[in-house]
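Residue numbers (the working numbering), protein chains in the order written: chain F, 342 to 648; chain P, -14 to 312.
Each statement offered as a hint is correct.
Keeping only pairs whose Cα atoms sit at most 25 Å apart, straight-line, the calculated SDA-like set for lysine to any residue is:
hint, chain 1, residue 1, chain 2, residue 2
1, F, Lys493, P, Asp252
2, F, Lys353, P, Ala128
3, P, Lys215, F, Glu574
4, F, Lys625, P, Asp169
5, F, Lys467, P, Asn35
These are calculated hints, taken from the structure and not from any lab test.
Listed here are the chains, written in short residue letters.
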Amino acid sequence: MIQVDHLHRCFKAVRAVDDLSLHVGAGEIYGLVGPDGAGKTTTLRLLCGALRPDSGKIEISGYDIIRQTELARAQIGYLPQRFSLYDDLTVLENIRFFAEVRGLSGQDWLPRCMEILAFVGMEMFKDRRAGQLSGGMKQKLGLAAALVHRPKVLLLDEPTTGVDPVTRQDFWQLIIRLAAEEGVALLISTPYMDEAARCNRVGFMQHGRILTEDTPEALRKQLEGRILELQGEPLPLLRSIARREQDVEDAQMFGDRIHLRVKIGKTTPVIERLSAQIPSQGGKIIRLAPVSPQLEDLFIALLEPRQ
Amino acid sequence: MNLGKQVGSDFVDEVIVAQDLTRRFGDFIAVDHVSFSVLEGEVVGYLGPNGSGKTTTIRMLLGLLLPSAGQARVLGFDVVKEAEPLRARVGYMSQKFALYQELTVRENLAFYAGVYGVREKDRIDQVLEQIGLREQAKERISALSVGWRQRAALGTAIVHRPRLLFLDEPTSGVDPTARRSFWDMIYELVAGGVTVLVTTHYMDEAEYCGRIGIMRDGKLLAMDTPSALKQSALPGLAWDVFAQPVLEALRAFEDCPCVLRAGLSGDHLRAITPADVDADTLRSRLNDYGIHDIVINRVEPSLEDVFLALAVRDHEPVTIAKNREGD
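Please put together the full structure from these sequences, using the hints given.
This is the structure:
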């Protein structure tokens, strides 16, 4: 549904998007993750036709976004990071506005608007002014507005930033249903790894390029056996010993424990050496064992400046 | 530094002690008999949906809002009678940073140093060093990235060497790399004896805390280490269930007494069941619905599982069918 080949876009000397290719199939959720300034938002804006690429090709449902812009755009729903609702209009009036912009006719708009409000669970708030909605409700209304014309492709730019976890959970149930029930192809940018973990595939982006992409499970496997959890006390001593260990690439505190990333094939020697060193320097180990790597571990490993 | 409550000894001060802290707004009880204590050097997270009473609690602990009932002492000061000396000794970093956009990093720090009466000449250089912004000292705030702005905001909150730091969703919206370097700075402060209370609604952030309190409807439902919460606060077992079609499998679980909670998680389901349910029970339930291609794995509960189990009202499934106006 989304087919992108060798996309380039510069802003003056900055290569915001640099030879990016990706495809997202019907019913698939693709997560685009990366640090601030990696080019995620620029990619989404290129895909929805708001920005022109310097070179490269974008097809949405088989339509070329440059040569068949209107046909391609009709297939796309786009929820930008900052979207505008009319605060003085009611929920229903806002949706009606988007329905009319998207060309829904006089008879069609009301049933479709009510259907989409029911989908996001907001039909009982249809007469409330948008300005009086909570942050999470505004986000759902934004999603409803992006979906009103039944797009086959949905682009979401950090849709749950600033939304509380209960609403985020609700929001994701909606997103997964869109993919599973209606076969919508979804491309979502997010800074949250727990969200990336819910996607079918994830692409790690930096400097306008996708560094690696795969299913969350396969991505985590890249670090299999290399993440150790260390619990004990005192934690500052444990951390400084771990950071001096030559085969430890990263030692990060997480509250009552430390996660270590060890070099490839060095898990056993690291465990042996730390098990000896820590007690000899007055520390105590409660637990030192491999744990399953998280997407966050891979993110850090990929994006760390090479030393 | 002691990041777990059991590490406390007679020599460790209780930095925060709240007893039955309560705040009503008319008929609405925003904070309902909350009691907890925080020891010196702890990093404690306060997790809850919007409107659960996190910010109201912090405002009372800062002496900005009077409790309707109950009491609290912070750094030994009574929050009602001694609010002023208390506020002079704590640092507060809000998610909406109180930074002057048109001033440079150094000018912002100098401004706050003046407000707090900090006179040492080299204090601002020390803070710039601590927050890793020496190179950016002459940059205007408006020209900085979000991650650097967060560090600058931290700088203004620590310029007067507070012994207690309140952080309100400090790394909202930043990527994991920036979050890590921010938390490295927090841990450096903690190693120097600072105590930290963080409110957040991000699990990613909560994972950095030594203990986490979970709030709902003004009540503090649990407070413990992340590991202990994962072991004990969940009312059962967590499972990943791979079955096609996944929405049919969700329906099979939704009205099933053997499943407490089921939700979509990417291409599979995450289910929470009572402790006496096993994989075969789940499998036969799915078979009843004509689903036979099934993989079921017991998994470690995540902090989010714990949070959803506690913070969502009982028997209220997290699905689209219902709507919560609670946030």
